[in-house]
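Student: With the hints as extra help, turn the sequences into a complete structure.
For the sequence shown, position 12 matches number 12 in my numbering, and the numbering has no gaps at all.
Quick caveat, the hints were computed from the structure, so don't treat them as lab data. Please read all numbers here as calculations on a predicted model, not as lab measurements. Backbone N, C-alpha and C fix where the C-beta goes; we use that ideal spot for every residue, glycine too. Hints should not be assumed to be uniformly reliable.
[As the list claims (entries may be wrong)] Within a straight-line C-alpha distance of at most 30 angstroms, the following computed DSBU-like cross-link-like pairs (lysine-lysine) qualify:
id	residue 1	residue 2
1	LYS45	LYS64
2	LYS64	LYS36
3	LYS60	LYS45
4	LYS69	LYS81
[Unchecked claim] Now the in silico label distances, taken between C-beta atoms and shown as ranges:
id	residue 1	residue 2	range
5	LEU66	THR98	30 to 36 angstroms
6	LEU48	THR78	27 to 33 angstroms
7	GLU54	SER26	52 to 58 angstroms
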Amino acid sequence: MAATDGDVPARLSLLLPPCRVPVPSSGASVVAIDNKIEQAMDLVKSHLMYAVREEVEVLKEQIKELIEKNSQLEQENTLLKTLASPEQLAQFQAQLQTGSPPSSSQSQGTAQQPAQPASQGSGPSA
1 MAATDGDVPA RLSLLLPPCR VPVPSSGASV VAIDNKIEQA MDLVKSHLMY AVREEVEVLK
61 EQIKELIEKN SQLEQENTLL KTLASPEQLA QFQAQLQTGS PPSSSQSQGT AQQPAQPASQ
121 GSGPSA
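Tutor: See below:
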């Protein structure tokens, strides 16, 4: 058994030095890997923040355009209401209640007005 016991330390001495040398550098490697991970996460965070800021700018521009279009449509709606005769308005109200589309015999100007009774019933828009 003594010969077997002698073989174990000899084998361990052959195995341990290579294992011991990487341990301190392995600790340094862990720190280096942690630093790389942190840098990568910071980079991802920076890219995400940049992408979000870009998207916010695009959405702000779209909101601005939609507000302008809404304002234009409200002005057009108001104008069409003033130009429409009471008979035309009554006809559109009836069409809205029945759900039928405007008849093809109507003029093109009155065929564009179905949106107005909806806003007319909801009160003034501003």
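Student: Given the proposed pairing of LYS45 with LYS64, does the C-alpha separation stay at or below 30 angstroms?
Tutor: Roughly 28 angstroms separates the two Cα atoms, so the pair holds.
Student: Holds or violated: 27 to 33 angstroms for the Cβ distance of LEU48 and THR78?
Tutor: 44 angstroms, violated
Student: Hey, LYS64 versus LYS36, does the alpha-carbon distance stay inside 30 angstroms?
Tutor: 42 angstroms, violated
Student: Measure nothing beyond the straight line between the CA atoms of LYS60 and LYS45; if it is 30 angstroms or shorter, mark the hint as holding.
Tutor: 22 angstroms, holds
Student: Is 30 to 36 angstroms respected by the C-beta to C-beta distance linking LEU66 and THR98?
Tutor: 31 angstroms, holds
Student: With the threshold set at 30 angstroms, check whether the alpha-carbon distance from LYS69 to LYS81 stays at or below it.
Tutor: 18 angstroms, holds
Student: Verify the CB-CB distance for GLU54 and SER26 against the hinted window 52 to 58 angstroms.
Tutor: For SER26 against GLU54, whose Cβ atoms are near 41 angstroms apart, the range 52 to 58 angstroms is violated.
Consistency note: the structure conflicts with the earlier hints numbered 2, 6 and 7.
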